[in-house]
Every structure is written in C-alpha cells, then in structure tokens.
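There are 2 protein chains.
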Amino acid sequence: MKVGKILFIVLDGLGDIQYGSLGGLTPLEYAKTPNMDLLATEGSCGLLDPLKPGLPPGSDSAHLSLFGYNYLTEYPGRGPFEAIGYGFKLKEGDIAFRTNFASVEPKNGTFIVTDRRAGRISGEDAEELGNVVSTIKEIDGVKITYYHTIEHRGFLILTGDGLSHEVTDTDPHDTNAPVLKCVPWDNAVNKAGAVKTANIINKFLKEVYRLLKDHPINKKRKNEGKFPANIVLPRGAGTKTNFEPFEKRWGLKPAVIAAGPLYKGVALELGFDLIDVPGITGMPNTNLRGKFSYALKNLDKYDFLFVHIKAVDYYSHKKDLDGKVSILEKIDKELPGIINAYRDGATVLITGDHTTPCKYGHHSGHPVPILIAGPNVRHDYVKKFGETFCANGALHRLRGNDLMPLLLSYVGLAQEYGLRSSPKERIFIPRDEWIPFKL
Amino acid sequence: MKVGKILFIVLDGLGDIQYGSLGGLTPLEYAKTPNMDLLATEGSCGLLDPLKPGLPPGSDSAHLSLFGYNYLTEYPGRGPFEAIGYGFKLKEGDIAFRTNFASVEPKNGTFIVTDRRAGRISGEDAEELGNVVSTIKEIDGVKITYYHTIEHRGFLILTGDGLSHEVTDTDPHDTNAPVLKCVPWDNAVNKAGAVKTANIINKFLKEVYRLLKDHPINKKRKNEGKFPANIVLPRGAGTKTNFEPFEKRWGLKPAVIAAGPLYKGVALELGFDLIDVPGITGMPNTNLRGKFSYALKNLDKYDFLFVHIKAVDYYSHKKDLDGKVSILEKIDKELPGIINAYRDGATVLITGDHTTPCKYGHHSGHPVPILIAGPNVRHDYVKKFGETFCANGALHRLRGNDLMPLLLSYVGLAQEYGLRSSPKERIFIPRDEWIPFKL
Numbered sequence: 095m096k097v098g099k100i101l102f103i104v105l106d107g108l109g110d111i112q113y114g115s116l117g118g119l120t121p122l123e124y125a126k127t128p129n130m131d132l133l134a135t136e137g138s139c140g141l142l143d144p145l146k147p148g149l150p151p152g153s154d155s156a157h158l159s160l161f162g163y164n165y166l167t168e169y170p171g172r173g174p175f176e177a178i179g180y181g182f183k184l185k186e187g188d189i190a191f192r193t194n195f196a197s198v199e200p201k202n203g204t205f206i207v208t209d210r211r212a213g214r215i216s217g218e219d220a221e222e223l224g225n226v227v228s229t230i231k232e233i234d235g236v237k238i239t240y241y242h243t244i245e246h247r248g249f250l251i252l253t254g255d256g257l258s259h260e261v262t263d264t265d266p267h268d269t270n271a272p273v274l275k276c277v278p279w280d281n282a283v284n285k286a287g288a289v290k291t292a293n294i295i296n297k298f299l300k301e302v303y304r305l306l307k308d309h310p311i312n313k314k315r316k317n318e319g320k321f322p323a324n325i326v327l328p329r330g331a332g333t334k335t336n337f338e339p340f341e342k343r344w345g346l347k348p349a350v351i352a353a354g355p356l357y358k359g360v361a362l363e364l365g366f367d368l369i370d371v372p373g374i375t376g377m378p379n380t381n382l383r384g385k386f387s388y389a390l391k392n393l394d395k396y397d398f399l400f401v402h403i404k405a406v407d408y409y410s411h412k413k414d415l416d417g418k419v420s421i422l423e424k425i426d427k428e429l430p431g432i433i434n435a436y437r438d439g440a441t442v443l444i445t446g447d448h449t450t451p452c453k454y455g456h457h458s459g460h461p462v463p464i465l466i467a468g469p470n471v472r473h474d475y476v477k478k479f480g481e482t483f484c485a486n487g488a489l490h491r492l493r494g495n496d497l498m499p500l501l502l503s504y505v506g507l508a509q510e511y512g513l514r515s516s517p518k519e520r521i522f523i524p525r526d527e528w529i530p531f532k533l
Numbered sequence: 095m096k097v098g099k100i101l102f103i104v105l106d107g108l109g110d111i112q113y114g115s116l117g118g119l120t121p122l123e124y125a126k127t128p129n130m131d132l133l134a135t136e137g138s139c140g141l142l143d144p145l146k147p148g149l150p151p152g153s154d155s156a157h158l159s160l161f162g163y164n165y166l167t168e169y170p171g172r173g174p175f176e177a178i179g180y181g182f183k184l185k186e187g188d189i190a191f192r193t194n195f196a197s198v199e200p201k202n203g204t205f206i207v208t209d210r211r212a213g214r215i216s217g218e219d220a221e222e223l224g225n226v227v228s229t230i231k232e233i234d235g236v237k238i239t240y241y242h243t244i245e246h247r248g249f250l251i252l253t254g255d256g257l258s259h260e261v262t263d264t265d266p267h268d269t270n271a272p273v274l275k276c277v278p279w280d281n282a283v284n285k286a287g288a289v290k291t292a293n294i295i296n297k298f299l300k301e302v303y304r305l306l307k308d309h310p311i312n313k314k315r316k317n318e319g320k321f322p323a324n325i326v327l328p329r330g331a332g333t334k335t336n337f338e339p340f341e342k343r344w345g346l347k348p349a350v351i352a353a354g355p356l357y358k359g360v361a362l363e364l365g366f367d368l369i370d371v372p373g374i375t376g377m378p379n380t381n382l383r384g385k386f387s388y389a390l391k392n393l394d395k396y397d398f399l400f401v402h403i404k405a406v407d408y409y410s411h412k413k414d415l416d417g418k419v420s421i422l423e424k425i426d427k428e429l430p431g432i433i434n435a436y437r438d439g440a441t442v443l444i445t446g447d448h449t450t451p452c453k454y455g456h457h458s459g460h461p462v463p464i465l466i467a468g469p470n471v472r473h474d475y476v477k478k479f480g481e482t483f484c485a486n487g488a489l490h491r492l493r494g495n496d497l498m499p500l501l502l503s504y505v506g507l508a509q510e511y512g513l514r515s516s517p518k519e520r521i522f523i524p525r526d527e528w529i530p531f532k533l
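Sequences listed follow chains A and B, in order. Here the numbering used here is used: the first residue of the first sequence is 95, the next is one more, and so on. Here the numbering used here is used: the first residue of the second sequence is 95, the next is one more, and so on.
Calculated from the structure, these hints are not laboratory results. Mixed in with the good hints there might be a few duds.
Since the list gives no way to pick out one identical chain from another, each pair is judged satisfied if it fits inside one copy or across any two copies.
In silico lysine to any residue, SDA-like type, Cα no more than 20 Å apart, as pairs [claimed, not checked]:
1) K146 <-> R383
2) K146 <-> N495
3) K395 <-> P147
4) K518 <-> L166
5) K518 <-> T262
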C-alpha cells in the first residue's frame, strides 16, 4: 500500500494559451492524455498561481513556492540558485550573481547592448571566453570567482568582508539599451557594503571588456557575422540562505528526480535526497520511463517524490506548438505506473511551475492547470486535464503556497491549528529534537 | 419583514469526503435535505476554507475566523478558550492551559505516554482525581487553579507576576512518546517570564504524578485493565484577550444559540448575547426545533443570530457515516421556519466550521460547503447543498474572513472603501460614541 505517499510531478512550463491552429485549444487540451484525464476525472482539478495572479515566476521562485516557501521573504535571488545548481557551495558573506555573455558596442562613453545573449553563444567559443573571464581573480582585495556554465550563462561570486547583495543589475533586460551602472539600492541596509560591491562589479565590467574586446574568438565571430561575446553582465545578486529543511517544515521525507541543475539545486538546498536516474537530460530525449520507474521504486523509502520534467518548457521557449503537444502525449504514455501507485493509495499531484505560452516563448503570469488525485481527495466534474477544463474544478484557484498544507490534509497529517502552543500555523519537531521531561 | 437580519447557522464538522458506500457521495450529498437544497437553489453556493486552504481549524479559531477575526493575530490559544467556555474569567497576566488526563509510565528518568486521554477516563473516576489535582494551590509563589471539566479534559490557570504564555506543550500529541519538558519558545519576547512559567509547569507535572501515581482510583483502574490517569499534561498556553466587540467591528447586534461551552465561550468573548433554549445539549438528542424557533423569535431584537449545532461533528468524530447522514436529515426537517424567515427577507447562511471526515474521525483541511440565500444574493446553478455541487457555485472558494464583509454587502450595510479617513477597511462608530463638533 502506498497510503500517505505523495508523487509531486512538475511539468515545467506546462501552462499555455489557446490557438486557432489547435481548434481553439491549448497544447495540453489538444494532446491525447488518457492517463492524466483518468486522474483528473477521479480527483480534484483547479488553476494554480505559483506565486500570485499575474506574476510570472522564475523557475527557482516557482519551485520554492510550490514546496511551501515564501517567495517574498525566503527567496534569495537568482544568483545564489545559479551557483547552487552547479554545485557551488556559497559561504556566509559571499555575494552571488547570475551572468550573461552579451554583445555591446561603445557609444559616447557608454556601452549599448546589441544582443543580450551574444547570439546565444555556445560550445567552444563560450568555453574559451569563459576561461578568459575566469582569469580575473581579485578586485580591490575581494576574491572574484567566475564560472561559465552553459551557452551564454554563468555566475559570479564575490568573496570578502563587508559586501552586500543590495545592488542593482547591470543587464538592462533589453537591446539597443545601455549597460547599466551597478549602484546600491536606495533602501540598502548595508549602504557601505553595497557601495563597495557596486564598485567592484563596475570594475569587473571594465576588466572583462578589456580582456574580450579584441579576443581572436570575437574577431572570428564578427567575421562570421555572429555577435561577439565582449562583456559579461551580472544581475540577480543574492547571498547564501539557510532554508528550514523541507522535512522539518512538513514532516515528510523528500527526494528529487530531475536533470536540470536549477531544479536539483533548489531541492538539494531544501534537504531533498537526490535519486540518480540513468539517461535523464532535461531535454526532450530524456529517459521519461526511468524517471517514473525510479520514483515508484523509491516510494517505500520516501514520503514525497518530486519528479521534474523540463522538456515541456524546452518546446515552449522554442515556440514549438507541435513539439509541446507531442512531448505531453509522450509523458502521458509513461504514466501507467503512476496510475497503479494511485490505485494502491498514493496521492498524485500534476501541475506546472509556470505558464510558458508558445506564442510568447517566455514565462507568463497565466495560472497553470493542476490535478490532485488520492484516496482522500474529493472528485469533481472535470473529466480532462487542461487549463479551461480545470477552471471548473473543485480546487478553484490556488496559490503555490497552498499546496503543501492541502497535501498534508489529503494524507491525514495536517495539524489542527491551535492545538499546540505556538504562534505558527504548523510546527513539526523531529523526534530526535524532542526534549523529554525529566523526573 | 426580516430584511437586514442575518441567520448564521453553523453545522459543526459538516464537511466530509466521498464514500463508495454512499454511491460516491459525501454524507451531506447523500442525505435528503430538501430545505437546504431550496436555499442552495435560490441562493449562492461555494466552498469555504475557514482559515486557509489545507489548514485544519480548531473549533475556536474557526469560529473566530467566520466572525471576521484574524486567526493569526487575534487568536489567544486554546487554553484561554477552554477556561472561557466554562465561565472562568481570566485576568490580565493570567496564563491559561488546556489539559488532558493522560497515562504515563516512568522510563529511564522520563515519562512515556501510554494513552493521551487516560483511556478516555470519565465519570466519578475523573471527577475524584480532578479534585486531587485541584489541591495544588501554589508553586513558587504563583497561584495554581486547576479545573477538571469533562472526561479527560480540564484547564489550568497560573496567576502571578512576570509570567508568559510563550512556552511549549508538555503533551507530545502521540503515544509511546515521552512527556515533553515545558521550555520557553526560541523566539519568546518575555524570556524571563517564559523561563519562570516553564519551571512552574514542570514542577506541576512532578507534583501531579506524586499525588496520582498510587491513588486508589488508579490502582482500581489498573486492576480493571484500564489506563490510569496518573498525570495531567498542559498545552496551548495563552493569555486573556480583549477582542474588539463584534457589534463595534460589524455594526450588527449579535446573539448566540449554542450548547457547547467552547462555542458559547467564543461568542460571549466577542460580546454576543446568549439566548437560553431549554433542552439543548450539544449532542444528537438536542432540541433542534427549539434552537431554530428561539432564533426566529429573537430576529426582531438582534441583527445577527448565530445558531450552532454540534451533533454533526459528534457523529463525524465517532466515524459514524449513517449517524451523520441521519442527523443532517433531522436538522433539515426543522428548517421550515428558517425558510419562512428567508421568504420574509432574512439572509440565511449555512456552513460548517471545519471538515471532519468520518474516515479520519478528526478535523481536516478540506474546505466546507457554504450557502447564502437572501433578497440581495445572486442565485447560481447549484440545486443541491453538498461539497461537490457547491464547488460549482458562484461563491467559488472563500476564506472565513471573507464572510462578514460579504454579509454586510448582502444586507446593504457595507461601507465604500476610502470614503472615510481611516487606513482601515471598515470603521463603525456606534452613535453613542460620536463626538459632536462644538461651537
């Protein structure tokens, strides 16, 4: 029996809008998904705003919110998660930035961004230029650690005394726009630290440009009509955080099955165990069958199995409607084991971390569809999994932070409010932290 | 005419889940309730999270929330409500605890809980042992007041200077678990007071055990194979609160008809008048007809009539599906007077304070069904009162704190936001508190 076990399946970028070419349906509505439809029929459906209505989540803040962490007070910024995702251990006082390789042209003493991703530079070009930037080891006595990750992406860590994450982005998030000077936030608490940090970032920009502007790779790229990667733009400053572990917060022993570094990173930061599955890639060619079979194999050992599938978002960002429909059908075909676990008493949740309309090619603030099926979940009248169908479901419209309390109720582990002496909505003290009364 | 009058009917523990033995319906869906169905048909239905999605309310926090009080900032803890329910007037500085008689066995210098309710001790055994515990009158210069109420339940008041409610529970809320040492909260504001209070509670535990462990009643119980009541476990510490009166907050003159001490207690604390009805018991044998007829008789005198019926929850806690169905049908039969008042212009609300699935036998975080019918309430397409039917209703999914503002709008008494100079959503100043301008 799998009673009390939770399968938490996130199809990245699942939500979408309706298209005339799909007969006025969304990709999920159009796709043939008999297994998801069975769960939708026997369970409760609804719409979910991962953060709040209309606010497009990043994948990191979305997952934090789905796991019951407050995106406003507990989210450390994008920088730290980029570093965490690649296994970099931040230390107390470190400042982490997400970075992009970008293409700029000097103009009137400023830089104008001609491409925010340096033509989506990748492969050896990106690797070699990354190595050049990594030669910057110190500025003003502060240690500089730059890592190139994949394509135009990377992260930057400042290590030193008296720094602050309270600084602005250098990336204008637009083209034909100037690179922005890094300055302290108006409301910075550690003003001196923010001034120091901003100065270092501005010097880093100058130094990177000096190293890259005439680099042979960039000369070659220009000759080939490609955008040069002649600057690195830091943004999303943040610090090391100390999350309350998921198991302590919710009393459930969690594990993650994911290939994408960001998703693994978030889960590992929250204390999830990582289950390695051969052949998973975070791409459409991933080992879907393996993901689900490893999840099911581990249901005895864990209470909460988080399975993340990135491929849906891959097609959404590529604006590939047919690809999105076909990967959803492919995923559905691999769900019979999940259906069996549900029949055996497990509670199954399927949702997305955000909507990525194929029409946009980027995250939007539309809600995502959600279904929850389990032995103690009321069924409603929704017969098919899809955005519009779910709008008529019994879950109505929830927020990301509602999910964990709801799931605890569904598996009978929720605590009655007020029974315990605490101002908190929920307290869970692991047995090994109990203080026994002594005679 | 009853226009502007509100009948607020709470069926305790109303919500449930669906059962195969009821043809896939919940007890409320299965029950024949033509009168509730008439109100559902002519009014608006929906689902209600008394506190928030997934959080199982206690009966006290649930009612506070339904009456428009914030469960996080205005809830004083379970202890005070236990005392209030039994007519004990807390004074400023008093610390109140809810208590259980429990059964413990000493082991390696600690106590192990063998039963959290001392085998649901009751009758003379409980009364006599309660009297023994009541002989503890003082510890460390602080006055001790212990009251046994019914069965294993009781409350404990500490009266003295420099105490604090910021202390943990001694009850582990589990069996084969150690009695927990009472310690200050990590984030206690009055740390010294919390240390003092915790010490007194720990001494109280020792003293109770000394008095009870070899008491003849416990010896007799052991011989009979029953659990001894050899300790009293305090939990849910809280202080006297000063609620803004309901009438001041909402501008409605309120009265309560309830038998259960906790429900009367909450209403009395908020300034409700108590309407005595002969023969009401808080049990299935209660005088249902009397409750409704006294409510209707008092509609001229009051604006807001709160009628509480406990019997539904009684069967839910007993896991008695048939009993729950039959009490719902019995209640429905007594509603014709309420229907008449509705025809005469009154606004009628029927809901529960929480879901108690018969399958669980305890409170859960599933939402409860709600209906509101009145001359200014839109009707929707729901034809029958029940959890799944209500999920398609026009009220959608509300929270407890939404009800009072909605009801004010339905009776035409809501204030337009911003018309008055105040940061509050609503201000109501009774005429006798108006300060006239003087020349």
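The hints, checked one at a time:
| no. | hint | result |
| --- | --- | --- |
| 1 | K146 <-> R383 | neither (33 Å within a copy, 37 Å between copies) |
| 2 | K146 <-> N495 | both (9 Å within a copy, 11 Å between copies) |
| 3 | K395 <-> P147 | neither (36 Å within a copy, 28 Å between copies) |
| 4 | K518 <-> L166 | both (18 Å within a copy, 8 Å between copies) |
| 5 | K518 <-> T262 | between (34 Å within a copy, 12 Å between copies) |
In terms of the numbered hints stated before, the structure departs from hints 1, 3, listed from lowest to highest.
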